[in-house]
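Asks: Take the two lone chains, each set in its own frame, and fit them into one complex as the hints suggest.
Here the protein sequences line up with chains D and F, keeping their order. If you use the working numbering, the first sequence corresponds to residues -17 to 155, in order. If you use the working numbering, the second sequence corresponds to residues 24 to 142, in order.
Incorrect hints may appear among the rest.
Computed beta-carbon distance windows for the label pairs [said to hold, decoys possible]: (1) D/21 - F/45: 20 to 30 angstroms; (2) D/-13 - F/128: 45 to 55 angstroms; (3) D/30 - F/137: 15 to 25 angstroms; (4) F/73 - D/54: 44 to 54 angstroms; (5) F/106 - D/142: 52 to 62 angstroms; (6) F/25 - D/-16: 56 to 66 angstroms; (7) F/25 - D/-1: 53 to 63 angstroms.
FYI, nobody ran anything at the bench for these hints, they're computed from the structure. Note that the Cβ used here is the ideal one computed from N, Cα and C, for glycine as well.
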Amino acid sequence: MENETLKLHELMISRGTFFCYSGPLSEEVLTSLSGAVKEQLSDSEDLPVVKKVFGIFVEQAQNIIRYSVDRLDQSGVGSVAISKTEKGFMIEAVNSIDPKNVDRLEEILKPLTEMNKDELKSAYKDRLRSGPPDGSRGAGLGFIEMARRSSKFDYDFLAHNANTYFVYRGWVE
Amino acid sequence: MEMAGTTRTPEVKIDSSNCSIKGECYPEDISEFSGPVMETVRENLSSSESFTVTIELYYFNSSSAKFLFDFFEYLDQAGEEKQIRIVWKYRTEDDAMEEAGSEFEEDLENVSFSLEAIS
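One chain only, chain F, in its complex shape (with noise of 0.2 angstroms):
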């Protein structure tokens, strides 16, 4: 699956074994972002082994980061059977975007969670 990015949703690439998403985030309705991936990524994780999701966001919303922490908490259980590798891409100087990555790995205890800068 791959949606291409808009103003302010992010572009989504889904295979069998990867998500990445990149962009900016803040929808009028984050369910209607939201319901397609969630579904596409456990459509595809549930025949796969292993699952890695790259995030790389610039700006997130707060109906957003409700969406990226309820599709952590659905890895972190996933991560439970399966290998779940989650890497969380952030400008070196977007202190808010590394603080946000480093809040959201604290709460997950199966996966395994990188973070790191980009120029």
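The shape of chain D in the complex, shown without the other chains (with noise of 0.2 angstroms):
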């Protein structure tokens, strides 16, 4: 059987994605979304999950919104999806971005993967006192916030139809 929407449908539960958004992703649409995110999560999880499952994913919708290279008006397109996996909630982010971002992405990215909490914290602290680095359109934390509130997080670079896509993966236990 070969129909797409039944596909999606049995790609989708398979993984335990209860939310995902694809397409033009502006601040009207993540206050929108921000609230059926809510909904989903507080049914089921205690505070603290589910304050780290949303903040991540309002970290990663802004960082869609502001720095996906695809752009229609105001929005960025990129995806953003929610999964229940064996290893806790997975928060997971894709929009494609300038290729000379990727050094400059990968320097930001490698020495959070490699920071234990304390470390995160200082870093965190570190850029609230220092200010956004240059090319940020935000406080320059997002990253280093998403990381504190992952209890691990991975991202890769992928080249795919002459674009190259960032792709983002926070998990909560």
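Replies: This is the structure in structure tokens:
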């Protein structure tokens, strides 16, 4: 049986994806999605878990809005999804980026994968004191914040159809 | 000054000796929110000997963390000459907000900072 709708349904169900948004993401859309995400999370989980998952979701969504190079008016095109897996909640995002930014992102993210909780806290406070780095449209804290809230995270840069995609996944146990 | 809360910005009330901020904070552009708040606090604080800031936030994003850090740094400076009190309220089970409050407290020297659990 080759039916795309059924295939999509089976893919989402099989990986435990209970929330997924793909397409142009604006601040207005994020406002609407936030309510839906909170509602879905609050049904079953305790507050600290809900807050971590929600916090990572918001940072990922605002990264897509601000930094996706695939744009439609004020929106950045990308996908953000939340799944319930054996390793806890997985919050994942993908958007296209300028290949020139790969090295800069790698420089920010690689050290974060190697830091323990205390080191992440120090990095967070250092960034608060020093202010945003060049090229940031926020406080430059988002990746550190996500690393602190997740039990682990990974990322990748994928060349596909003449685009470069940035993939980020964080887990909350 | 009173600003009603929205889905993504907290309710704000400021008078001659108090400022309270209550709700969630993850606006599109934090400076649009923080600009008027900071300005009004400055005006009121300049003619007051003591000032109390009460924060009861349930969630704030990383851009808003920078605002809070700068806000507290300003209050800490003002605390060299005036009596400044910051009350950080968090829901008992909300360990993230408790931790956030105690981390802000670590950097403050001239204000009285209290963490208060609410049910």
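Asks: Hints first: check each against the structure and report whether it holds.
Replies: Comparing the hints with the structure gives:
Between residue 21 of chain D and residue 45 of chain F the beta carbons are some 21 angstroms apart, a value that agrees with the proposed interval 20 to 30 angstroms. In this structure the supplied range 45 to 55 angstroms holds for residue -13 of chain D paired with residue 128 of chain F, their Cβ-Cβ distance being about 53 angstroms. Distance hint check for residue 30 of chain D and residue 137 of chain F: the Cβ-Cβ separation is about 22 angstroms, which falls inside the suggested range of 15 to 25 angstroms. For the pair residue 73 of chain F and residue 54 of chain D, the beta carbons lie near 51 angstroms from each other, so the given range of 44 to 54 angstroms is met.
The hinted range of 52 to 62 angstroms is satisfied by residue 106 of chain F and residue 142 of chain D, whose Cβ atoms lie roughly 60 angstroms apart. Between residue 25 of chain F and residue -16 of chain D the C-beta distance comes to about 59 angstroms, which sits within the given range of 56 to 66 angstroms. For the hinted restraint 53 to 63 angstroms between residue 25 of chain F and residue -1 of chain D, the CB-CB distance of approximately 42 angstroms leaves it violated.
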